[in-house]
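Q: Listed below, chain by chain, are the residues.
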Amino acid sequence: MLAFRSEEHVDRWCKLWRVPRGATMTLEQQFDLAVAWYDDMLDPDSGRRSPGDAEALFRKVGLRGDFWRLSE
Amino acid sequence: MVRSTDALDRDVRLFVYRCIIETGQAPGVEEVGRGLDADASDVAASFRRLEADHVWVLAPGTTNLSMPAPFSTVPTPFWVETGKGSWWGGCVWEAFGIPPLVGADGTVFTFCPDCNEPMEFRIEGGNLQPAGGIVHFAVPALRWWENIVFT
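Residue numbers (our numbering), protein chains in the order written: chain A, 243 to 314; chain B, 25 to 175.
Keep in mind the hints are simulated off the structure, nothing from the lab. On a predicted model such as this, the values are computed, not experimentally measured, just so you know. Note that beta-carbon positions come from the ideal geometry of N, C-alpha and C, so glycine has one too. Heads up, a few of these hints could be off.
What the hints assert, rightly or not - Label-pair ranges, simulated between beta-carbon atoms:
| # | chain 1 | residue 1 | chain 2 | residue 2 | range |
| --- | --- | --- | --- | --- | --- |
| 1 | B | Arg27 | A | Arg254 | 47 to 57 Å |
| 2 | B | Glu55 | A | Asp281 | 21 to 31 Å |
| 3 | B | Gly156 | A | Gly264 | 51 to 61 Å |
| 4 | B | Arg27 | A | Asp253 | 45 to 55 Å |
| 5 | A | Pro262 | B | Arg73 | 31 to 41 Å |
| 6 | B | Asn151 | A | Glu250 | 44 to 54 Å |
| 7 | B | Asp77 | A | Arg301 | 17 to 27 Å |
To be verified - Selected chain B positions facing chain A (Cβ under 7 Å, derived; list incomplete):
| # | residue |
| --- | --- |
| 8 | Trp103 |
| 9 | Gly127 |
| 10 | Met143 |
| 11 | Ile158 |
Whenever a hint applies, use it, and build me the whole structure from the sequences.
A: What follows is the structure, given as structure tokens:
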């Protein structure tokens, strides 16, 4: 995942490099997700996050829809 | 010292991340083995199990840590500077996670892939300071681990 200046820059870059236009999130959503994702990383008891737990974090920062689905 | 596999994996994971945070360098299996009083071959097996568990990515065919998320041992477009040290982040998601993880304010330096304009994101007091920009994910979440380097 990459940071761009705007949606217009994403569109142009995807077209130029023939990269599928996926989904975007705001910088604030990305930051909130990063904080939550790594929050317990240095906890001795932390384990691999289940798909359901990861999807719950996505929903918590407002990411919804099939693009963010992790369960088969 | 005899440990269960789960206990060894936990100790290896914590030792590696503490090394990266404290020294800026990712340790190899020999160093981890010495630090944990464990056999290097057991640590190597642990490195591989933790890769299979998506904790980190190893350089192909080796036990060298390539992307111990959120850090990267190879240069990326995401350089993170904090009062406690500087690291490469594996992507913008991971770069944003580094200052809070190490407990410091910091700045993420990157650039727009479209126009190459530098972009800086300041994290102060645990908060992202207002900045222009947007994050793009090319690949749906379910397919991220098909090729985690391209997401």
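Q: Give a verdict on every hint.
A: Going through the hints against the structure:
Evaluation of the 47 to 57 Å hint for Arg27 (chain B) and Arg254 (chain A) yields a pass: the beta carbon distance comes to about 52 Å. Restraint check, Glu55 (chain B) to Asp281 (chain A): a C-beta distance of roughly 27 Å satisfies the suggested window 21 to 31 Å. In this structure the supplied range 51 to 61 Å is violated for Gly156 (chain B) paired with Gly264 (chain A), their Cβ-Cβ distance being about 20 Å. For the hinted restraint 45 to 55 Å between Arg27 (chain B) and Asp253 (chain A), the CB-CB distance of approximately 52 Å keeps it satisfied.
At roughly 32 Å, the beta-carbon separation of Pro262 (chain A) and Arg73 (chain B) lies within the given 31 to 41 Å, and the hint holds. Look at Asn151 (chain B) against Glu250 (chain A): about 27 Å separates their beta carbons, and that is not inside 44 to 54 Å. One distance hint, 17 to 27 Å for the beta-carbon pair Asp77 (chain B) and Arg301 (chain A), holds here, with the actual separation near 24 Å. About 13 Å separates the beta-carbon of Trp103 (chain B) from the nearest beta-carbon of chain A, more than 7 Å, and the hint is not met.
Because the beta carbon of Gly127 (chain B) sits about 10 Å from the nearest beta carbon in chain A, more than 7 Å, this interface hint is broken. Nearest Cβ of chain A to the Cβ of Met143 (chain B): about 6 Å, under the 7 Å cut. The hint holds. The beta carbon of Ile158 (chain B) comes within 5 Å of a beta carbon in chain A, closer than 7 Å, and the hint placing it at the interface holds.
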